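A.B. asks: Spelled out from the first residue to the last, the chains are:
Number of protein chains: 2
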Amino acid sequence: MRVLITGAAGMIGRKLATRLAAEGGLGGKAITALDLHDIVAAQAPDMPGTGISVHVGDLSEEGASEKLVASRPDVIFHLAGVVSGEAESDFAKGYRVNLDGTRALFDAVRVAGFGPRLVFTSSIAVFGAPFPDVIGDDFHCTPMTSYGTQKLISEALLADYSRRGFFDGIGIRLPTICVRPGKANLAASSFFSNIIREPLNGQEAILPVPRSVVHTHASPRSAVNFLVHAASLDGEAVGPRRNLTMPGVGVSVGEQIEALARIAGPEAAALIREEPNETIWAIVQNWPTRFDARRARDLGFESEKSFDEIIETHIEDELGGEIGPG
Amino acid sequence: MRVLITGAAGMIGRKLATRLAAEGGLGGKAITALDLHDIVAAQAPDMPGTGISVHVGDLSEEGASEKLVASRPDVIFHLAGVVSGEAESDFAKGYRVNLDGTRALFDAVRVAGFGPRLVFTSSIAVFGAPFPDVIGDDFHCTPMTSYGTQKLISEALLADYSRRGFFDGIGIRLPTICVRPGKANLAASSFFSNIIREPLNGQEAILPVPRSVVHTHASPRSAVNFLVHAASLDGEAVGPRRNLTMPGVGVSVGEQIEALARIAGPEAAALIREEPNETIWAIVQNWPTRFDARRARDLGFESEKSFDEIIETHIEDELGGEIGPG
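One line per chain: the protein sequences are E and H, in this order. Its first residue numbered 28, the first sequence is counted upward by one per residue in the working numbering. Its first residue numbered 28, the second sequence is counted upward by one per residue in the working numbering.
Treat the hints with care, since some could be wrong.
As the list claims (entries may be wrong) - Listed below are the simulated DSS-like cross-link pairs for lysine-lysine, each with C-alpha atoms no more than 27 Å apart in a straight line:
{"no.": "1", "chain 1": "E", "residue 1": "K94", "chain 2": "E", "residue 2": "K120"}
{"no.": "2", "chain 1": "E", "residue 1": "K120", "chain 2": "H", "residue 2": "K94"}
{"no.": "3", "chain 1": "H", "residue 1": "K120", "chain 2": "E", "residue 2": "K94"}
{"no.": "4", "chain 1": "E", "residue 1": "K42", "chain 2": "E", "residue 2": "K332"}
{"no.": "5", "chain 1": "E", "residue 1": "K120", "chain 2": "E", "residue 2": "K42"}
{"no.": "6", "chain 1": "H", "residue 1": "K56", "chain 2": "H", "residue 2": "K94"}
{"no.": "7", "chain 1": "H", "residue 1": "K120", "chain 2": "H", "residue 2": "K94"}
{"no.": "8", "chain 1": "E", "residue 1": "K120", "chain 2": "H", "residue 2": "K120"}
{"no.": "9", "chain 1": "E", "residue 1": "K56", "chain 2": "E", "residue 2": "K42"}
Since the hints were made in silico from the structure, they are not lab data. Keep in mind the model is a prediction, meaning the values are calculated, not measured.
Produce the complete structure using the sequences and hints provided.
C.D. replies: The structure is reproduced here in structure tokens:
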């Protein structure tokens, strides 16, 4: 089978490609060709016997999507997009990449007429405050960011294009991915990962919000599991509502820190310095807390069961199983 | 003030223009200029002292929207669009007109930067089955047609563009408009009007579904009232959720027919011939029945209170107050 990943140079895209390379297949079928697309050249994983093509470009550019799907991939993972902060600060770019790029890809598939499975990464940013304690699968979508709006529009297109039979789409709404590897970034959600990643590495981390803040997390490994699982789902079993809120671990920041202390000792937790930031606190108060995610669980999507498990996953996948500065 | 109506040659657009002409103003301000846009030339109402411009074109065409809003109207009524049946039978045209046209208009306003009030006619087609007995304002949107998808996407854009301050948008989700004047058409919902309009005119009408079917209706006059009311709403009072389900009269087909018999006599009701149509019945079963519409009512939107009133409105507005063939 042939597989296409857009956004293949991003954190999740790289991990997905590595996973597919390690397994050599998807849903029990061998992968004979893998197309990696992004606005920069994605690194090709080591995958003997599989033809790997690296494509560089912008899906919203005239003809780019048509060219990309001309090889008629059996499964398309559409991860490409600009992140929340950039979509808010650069209105035109956010709509061009996240809406026009997605629609161009969907339309290229529609016109080519080969009906692949298409897995799209949406986001819990489709939801807007005020929220109930636990957000059910039928909670209405009233995004409060341009990013969330673009994800909601893409979800609506995915459902309609699937209903029409142009492709067999599954949209997965990712919770916050934690622990993100790499350096701290400027995203408002960055601290959720920083307060774990940095202390595990012997470094100080800043906590800008109260410990009572509750949020839902899943590991990068879970995100890849969701994508792989979605690729093989029975579309009939999913039914017409093609966009699914993924499961995750709903915990307070205080519980995150308790888990860190259990796993890496109180000296690790002591590296977290509280430095309240009103701007970040104001943003975070509009974020959803916990999700029911019953439909996704019933369809077999699984995440970690505790934040301890999320930290252990990070230690295994990013730190070679060892805590502490290299 | 300057007012622009898109879709001005359509049934609601014509009635809105006539109403504005009769009142000479909107929200207490005199209308000094009125722009009427459609794909065919809209008829200009008699409006002495007001400069009326008739524009013909397609909003999705390069530069068309920019040209249309160059005169910086204070209020824009965006009614233009292809109807449900056509959006389903011609996929590309539906998306071009209902999505690209709407987005082009919104973007032209954004780029011109004059921040008008923008009233958009959405539809209860944003909702998809299964439904509760009464659909609340927080019911989730899972459209089951391309038309409903296009309306949902337009709503999402309207909310985001309003949040960004590009314009001050209000989306109104219209229930089925009944009694539609004119000839019967091929729309699946056509019978709701036919079974009233034709008997009032001494003609036979066909009822393709059981009398137990429940549906929500508002008159063309109410639709115009909604638009005029929306034009003067306080955006702050509406808040970030800019799309409102309009009130209407939720009745069974049997109750529609009883109202007809009360007003026009049993001989009028006897002109309705039951001729079950499985295709129409299958479509209608996926339509929503009753709406709570509490937010809209709280914001001062009003519809008829009974189906009798809807029939009386039709007799006043379309038949010159007289029942029977002219």
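A.B. asks: Next step is simple, just say for each hint if it's right about the structure.
C.D. replies: Against the structure, the hints come out as follows:
About 22 Å separates the Cα atoms of K94 (chain E) and K120 (chain E), which keeps this hinted pair within 27 Å; it holds. A hinted pair counts as satisfied when its Cα atoms are at most 27 Å apart, and K120 (chain E) with K94 (chain H) qualifies at roughly 24 Å. Taken as a hint, the K120 (chain H) and K94 (chain E) pair is honoured in the structure, with Cα atoms around 24 Å apart against an allowance of 27 Å. Of the supplied pair hints, the one linking K42 (chain E) and K332 (chain E) holds, its CA atoms being roughly 21 Å apart against a limit of 27 Å.
The hinted pair formed by K120 (chain E) and K42 (chain E) meets the criterion: a straight-line CA distance of about 26 Å does not exceed 27 Å. Using a Cα cut-off of 27 Å, the hinted pair K56 (chain H) and K94 (chain H) holds, with the two alpha carbons roughly 25 Å apart. A distance of roughly 22 Å separates the Cα atoms of K120 (chain H) and K94 (chain H); the hinted pair therefore holds under the 27 Å criterion. Annotation: proposed proximity of K120 (chain E) to K120 (chain H) holds, straight-line Cα distance about 26 Å (limit 27 Å).
With a C-alpha separation of about 19 Å, the suggested pairing of K56 (chain E) with K42 (chain E) holds against the 27 Å cut-off.
Of the numbered hints stated above, none is contradicted by the structure.
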